[in-house]
Amino acid sequence: MELLFNNRDPVYLQVVKHFKERIATGKLTAGQTIPSRRELASQLNINPNTAQKAYKEMEEQGLIVTEGNSPSRITGDTAILSRIRDELLTEAIDMFLASVRNIEVPPEQLLSLVQRRLESNRSEPSSERGGTE
Amino acid sequence: MIELNNVKKRFGFRTVLSGVSFQAPKDAITCLTGLNGTGKTTILKSIMGLTPIHGGTITIDGSPLHHTSYERIVFVPDQLPMPGRMTVEGCLEFMSDHYRNWNPERAAELTQMFKLGLQDRVGSMSKGTAAKLNLLLALAMNADYMLMDEPFSGIDMFSREQIASVFSSELVEGRGVILTTHEVKEIEHLLDYVVMLDNGRITKQFACEDIRLAEGKSVVDVMREVYET
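Chains as they are written, first to last, in the numbering used here: chain Y, 1 to 133; chain G, 1 to 229.
Do not take every clue at face value.
What the hints assert, rightly or not - Some chain G residues judged to face chain Y by a derived CB distance under 8 angstroms, without partners named:
(1) 165
(2) 188
(3) 189
(4) 192
(5) 209
(6) 212
(7) 216
Just so you know, the hints here were simulated from the structure itself, not pulled from any lab data. Glycine residues also receive a C-beta, built at the ideal position from the N, C-alpha and C atoms.
Whole structure, please, built from the sequences with the hints as guidance.
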């Protein structure tokens, strides 16, 4: 696990987000065991207290469950898991919209610009692959 | 918890601490920061009883400092205090002979982790290696609190990273750490609390995650605000 932290957002929330992204992309699945707090701290190079705080937050949000002394797992509640993807997307879109608000671009134009950008991004990696063949 | 309450200290006519109060919980990493000569080291030495204070109180878990307190607190000075002719092995034996709370298994583990050669002599070590040995001598003690004076200063990037990795490991778990540094940037995500000093006074103290959450500021941002104005 590689994670670069920015110093202006709480580290524990960045860890929570990191887990959400891994869940949303299927790298972590329902019921899967996750590292202990101590392991996570040394993997991500964070203070064990911060790892503890991140796990507590994820427990409160219902993302992970810990029963007795057994290792924590990703929840089996698929409703919660499917909500994560929506939540991450909504958050990212809101940030994007906030950053383009000052440019005052009409919605239709914005949408077509985004679409064009997506298409050009999509064609770049494929042309790269074409080159190596 | 180590608690300082209105601690005052003079060197001759010069006031070096003018009423310093803060708490450093067990189970947390507290960083004393400030520009050079603001009293950071003096605070650590006062806690260790290495220099007398002229006012205020220092307590550990609610009790005043007592000679037995020092079985629970270790101090890592900014330079390795061992003679140049001594080998790493000699240092470890010295600690084992003189300290009841020395943990030889942990010392062996750390010797490996820091890749120290047992026959290497203190006098011919690089600064980074000496800093690691210095830290090892404290980490291998069973103590509740660790005070570290500038553990990151003047050493290369890789040694700094290795030392920083200590703060994300079980080596500090359950212990209270107070460290001083003026180079917060690379380690700020490892800190729990920051106490900022200027000229023997506390200018600001806060929990790092709180200031990020409430104000969206990094520790370095806050330092700029405090020291550049």
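Status of each hint after checking the structure:
1. 165: holds, 7 angstroms
2. 188: With a minimum Cβ separation of about 5 angstroms from chain Y (threshold 8 angstroms), the hint on residue 188(G) holds.
3. 189: holds, 5 angstroms
4. 192: holds, 6 angstroms
5. 209: This hint holds: residue 209(G) lies near chain Y, its Cβ roughly 5 angstroms from the closest one there, short of 8 angstroms.
6. 212: holds, 5 angstroms
7. 216: holds, 5 angstroms
Violation of the numbered hints given earlier is absent; every hint is satisfied by the structure.
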